[in-house]
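Visitor: Sequence order for the protein chains is A, B and C.
Take any residue in the first sequence, note its place counting from 1, add 268, and you have its number in our numbering.
Take any residue in the second sequence, note its place counting from 1, add 1342, and you have its number in our numbering.
Take any residue in the third sequence, note its place counting from 1, add 1172, and you have its number in our numbering.
Careful, some of the hints might be misleading.
[Claimed, not checked] Here are the simulated DSS-like cross-link-like pairs (lysine-lysine), alpha carbons at most 30 angstroms apart as the crow flies: (1) A:K391 to A:K525; (2) A:K572 to A:K504; (3) A:K525 to A:K504; (4) C:K1256 to A:K504; (5) C:K1256 to A:K558; (6) A:K387 to A:K431; (7) A:K504 to A:K558; (8) A:K377 to A:K431; (9) A:K444 to B:K1480.
Since the hints were made in silico from the structure, they are not lab data.
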Amino acid sequence: MSAAGSTTALVVGAGIGGITAALDIANSGFPVVLVEREPSIGGHMAQLSETFPTLDCSQCIMTPRTVEVGHHDLVRLHTYSEIESVRRSDSGGFVVGIRRRAAYVDGDKCTGCGVCQEKCPFKVESAFERGIGPRKVIYTLSPQAVPNKPVLDAEHCRYLQSKWDMQAGRSPSVDKNGQPVSPKCGACAKFCPTGALNWDQQDTLVEEEVGAVILATGYDLLPASRLPEYGGGELKDVVDGLAFERLLAASGPTAGKVLRPSDGAVPKHVVFVQCSGSRDPERGVPYCSKICCLYVAKQAMLYKHRVPDGEASVFYIDVRAGGKGYEEFVTRAQEEHHVRYLRGKVSRIYAEDGRLIVKGVDTLSHRAVEVQADLVVLATAIVPRVSTPGVAGLFGVAADENSFLVSGDEEMAPVESGAEGVFLAGAALGPKDIPETVAQASGAAAKVLSLFLRRRMAETTAPAGEGMRAA
Amino acid sequence: MTQAARAYSYFPGCTLATTAVDYDLSGRAVAAALGLELNEVPDWNCCGATFPLSAENVMSFIAPARVLIAAERSGHDLATLCAVCFHVLKRSDAYLRAHSEAAERLNAFVTEGDYTGQTRVRHLLGVVRDDVGWEAVKQRVAAPLTGLAAAPYYGCLLLRPQEEMEFDQAERPRVLQDLLRVLGATPVEFPRQAECCGSTLVVSAPDANRRLSTAVVDSARRAGAAMIVTACPLCKYNLDQAQAGRPSPEQLPVAYFTQVMAAAFGMLQVAGPAFAVEAAT
Amino acid sequence: MRVVLDPLALHGAFIREIEAISEQNLLACNQCGRCSAGCPLVEEMDLLPNQIIRLAQLGLDTVVDSTTPWMCAACLMCEARCPKGVDLPRIMDALRQIALRRGESRVVAGDVDPALLAGAPQMAIVGALRRGEK
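Just chain A, with the same shape it has in the complex (with noise of 0.2 angstroms):
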């Protein structure tokens, strides 16, 4: 491995943990390579409205972060990749096949106008927005996006689909309504100011030599259709905790308005049903999923900042509040703002003459209690990305049980995965905030550094000839 290989960092998620750890190295002097599998960084703290317990607005203290990293001199950034093959270099490093995916889009010529986003006529679900709102076919996640540079999904482009089918001489495909889907459109291109439309795009293979890697691949949560007892995949105002947030959110499909996505009414009663699969050893996951008991206190005394005469409930089982000043905002939501907590967990949710019928227990007054509300709440479990026990296997990082990945030492080393010169952040480890998801990274970073400093030395201290010891 060359030495500059070596010491080249590579870091596979850009979160905010990714994010983080990839600045601490570049901005040490190290180069870093940064793989991330969406159109652009942020990750779920982009499509966050604000974060607890400050109530700072998630993009205003994210973007800093993400526009210094997409510029940064030393940072090689990968968007809309995957890791594809990995192997050991001679010197304890890798050698990592990254497949860059086919936007369609040349982002040397696009300055992302956007003009493209706004002419394409058909729209889809939008993972990003959580079933909230739909995006076009070509997209950028959000209007800060880093890179703000759109990818165009093939899967759903009449033009690509219609243009494949008539090269492989198919008949060309339907859309749902029986008729064949036109050829006519490239709106996109038509459009298109600098002609950065590329249909002949494919994936490109990119190989780089690094020295160590962080995996910071972060989480997902459990899909509400696995609770059909909360009418969760089918009841249209029975959402996630990521969507209410982008009903919040000022950027997001409401412009920051809370409304039933169903009909677009305003919630007089916002439920929130804490431990939706989580705590559940016999359907859902075993764990705490650490996180909700704040995000659900902070989301309730959001919708009672924007409909002060609304009503919030959330259905606990316990109330978790142990880092620093979270104690204080789960009480300030409950004394001042009047979120009313009742303790027990949801039976059942179903919808009745319009309404959400939630049947619960207030254990702490042993009443069995029925509230009827507007919208609804889960706060579903964490879980690891679907993807993220694959790529860590790539690197010989095992996984648990619960899919999420095994430090070396849980104890003593969470940041070390046993594996030289592999290392983890994040709530790919498990669930985690914010702050604790930070300072892992940069925990993870000063391995990296560690690491890179002592081959360094070794390297300049070495005899000429002799070859570079692994840390």
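Got chain A; can you put chains B and C on it based on the hints?
Guide: Okay, now just chains B and C, sitting in the frame of chain A:
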């Protein structure tokens, strides 16, 4: 898929032999129409009517075990229509298979043979769905029940516990809805489709029982149902009784799923009063 | 009234009896309350289902006098939704057994409404008697 008759050991149970004989007759008729051979278990006894929930009661497994032993001799799956019998037999079978010491003690008391856990316990609705298939059912539909808004009422014992009953998804059951659609009817979703009718509280706490059954009926009516379809004689009794004081036009007829099938198959003689009224108009 | 919790009761005969009959570990219940939230008969019960377990966990055998096990329809909804897999119907049945051992029958054959004897599915009567008769 051959048309050869599939054979099953059939357990009617006490109730179907007497107060719910209409369920038995319609069940046998539609089974025959679908090419299912139902061989009644010889010398059968009551299944026990409740699944023994307390561990010490090995003796109370004797009743269901005798039925299982008799069915085992036939070599066929054991099919039943009564949801309570299905529940008791299926869970007793699972319990005895999991607790071999209990099975051994029990075998010491039963003279007719040994329980060895070879028989699969089925409900006839599951047999129709899984062994016959909806396509074959559709082919027997002579008079599609177009325009019939029917609320599928599952009750409790058919579905729960899901892993033991092996019948349908307990939280989102589909089999009755699918059957109704195949018969040309319109299934009506309503919130109480799997909530209790009151069960044996009809004896020990009749007011509570009435409250529960009334809630089920009212929920189905509010959702727009013109009929309630069930697979349990006790549910039918409770739901009928809850409405007994109401004027006729306000009552929702309650039919067994086999009667609904019979009506769609054109076998009105076993389809029961709910469809006789329709035939008359 | 303040209950003096007897540490011996926490390992005592009453808890052992319930756990033996029901084959359930009472301590598996963390009192989330979901059973009570979904129970259709709570309106007629003097104690919520989760309260029954709590009192049993503390070894307080006055729980045997509660009307709750007798208002239970054994609909099995509680067990279906319990996140810890506690089989509450079996615990209710154990309490019924213990109550019958200590006291009188709750359902007496001679007192069954004749209208029921005439028209109700016999499984309802047999079931009620098996559950409530000494």
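Visitor: Hint by hint, note whether the structure agrees.
Guide: Here is what the structure says about each hint:
For the hint pairing A:K391 with A:K525, the CA-to-CA distance comes to about 21 angstroms; that is within 30 angstroms, so the pair holds. Simply put, A:K572 and A:K504 have alpha-carbon atoms about 21 angstroms apart, close enough for the 30 angstroms limit, and the pair holds. Taking the CA atoms of A:K525 and A:K504, the gap is near 17 angstroms; set against the 30 angstroms cutoff, the hint holds. A distance of roughly 29 angstroms separates the Cα atoms of C:K1256 and A:K504; the hinted pair therefore holds under the 30 angstroms criterion.
In summary, the hint linking C:K1256 to A:K558 is supported, as the alpha carbons are separated by about 19 angstroms, within the 30 angstroms threshold. Note on A:K387 and A:K431: the hinted pairing holds, with a Cα-Cα distance of about 20 angstroms set against a maximum of 30 angstroms. The straight-line distance between the Cα atoms of A:K504 and A:K558 is roughly 26 angstroms, inside the 30 angstroms bound, and the hint therefore holds. Restraint check: the Cα-Cα separation between A:K377 and A:K431 comes to about 23 angstroms, which is no more than 30 angstroms; the hinted pair holds.
In summary, the hint linking A:K444 to B:K1480 is supported, as the alpha carbons are separated by about 27 angstroms, within the 30 angstroms threshold.
The earlier numbered hints are all upheld by this structure, with none contradicted.
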